[in-house]
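Asker: Here is what each chain is made of, one letter per residue.
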Amino acid sequence: AQSVTQLGSHVSVSEGALVLLRCNYSSSVPPYLFWYVQYPNQGLQLLLKYTTGATLVKGINGFEAEFKKSETSFHLTKPSAHMSDAAEYFCAVRTNTGGFKTIFGAGTRLFVKA
Amino acid sequence: EAGVTQFPSHSVIEKGQTVTLRCDPISGHDNLYWYRRVMGKEIKFLLHFVKESKQDESGMPNNRFLAERTGGTYSTLKVQPAELEDSGVYFCASSQAGQGGGDYGYTFGSGTRLTVV
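Protein chains in written order, with our numbering: chain A, 1 to 114; chain B, 1 to 117.
This is chain B alone, in the form it adopts within the complex:
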């Protein structure tokens, strides 16, 4: 089965610009998660979709971040306008149905490394 796909793998943008990250989960996985890792720190939760609905978006830093999952398939995470502190690696993960899918563990994508200069 195909894994979780993220693109772009790298993005370098200037402060104030907009960037959109995309995640294609494993087909049939209802749960989709976005996480972020700022250099050297822990991987922090951003939000969780169950199908097309936002189950938990408590980790979204501020209103410059907008996540969507139209149709319950792929998801996008838009940062507008980007700030320097948004730099980091953004991971997407998906899992099967269940209580948050945590029983099964996640399948992660390779991440998008975002650098804001």
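In isolation and in its complexed conformation, chain A is listed as follows:
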């Protein structure tokens, strides 16, 4: 069965600093992986996804993630944090059986300090 683990429920960075949000997954087959972001009082928004092909995936707002099969990881990064990046981020993996539903991690709340 697929699962997702996000390391750190809260991450705090200074404005301009590197953002690194960690995600490890478990899947017996090649996974489809996603990062979603939820801004306050809004729904979840797809940030980026990995399906096949290039392992470095670029998303919106300057975020990118790298699929590393050997490490079963899909960490999210952004070179320079902006105040507007403060939000909650969810890593997710799509299942490959049944209804192909998506399994989410518990989320990481990103705080950006001025």
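No lab work stands behind these hints, which were simulated from the structure alone.
Ideal Cβ positions, reconstructed from N, Cα and C, are used throughout, including at glycine.
All clues stand as given, with none of them false.
The list that follows gives simulated cross-link-like pairs (lysine-lysine, DSSO-like), each with its CA atoms no further than 27 Å apart:
| hint | chain 1 | residue 1 | chain 2 | residue 2 |
| --- | --- | --- | --- | --- |
| 1 | A | 49 | B | 44 |
| 2 | A | 49 | A | 69 |
| 3 | A | 49 | B | 41 |
| 4 | B | 41 | A | 68 |
| 5 | B | 54 | B | 41 |
Facing chain A, according to a computed beta carbon distance under 8 Å, are these residues of chain B, among others:
| hint | residue |
| --- | --- |
| 6 | 41 |
| 7 | 91 |
| 8 | 109 |
Given chain A, put chain B in place with the hints provided.
Answerer: Here is chain B on its own, set in the frame of chain A:
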């Protein structure tokens, strides 16, 4: 294009009452999903519709929850009778056709925050 619309945005009901949540997916999206997030925990799958058919309802907690999608357009999720542990944020998402639509990612609604007191 209009996004996924959910209403109400908030609902406060007493234990034992009934509540119906509604989701309007993006037009043309065959796949519709319901998820729930209890405070501070992960977002958990409830069920998946493909058009009007239930593809997977393995995440429905119990028979107090009833989801429908008549005509394959909007969906409702009814909780009857509501219990305290049903409190949380209920998200609806839709996606294009494909294997569960997962290839495309989901478009989520803003959620309904349900509080049972």
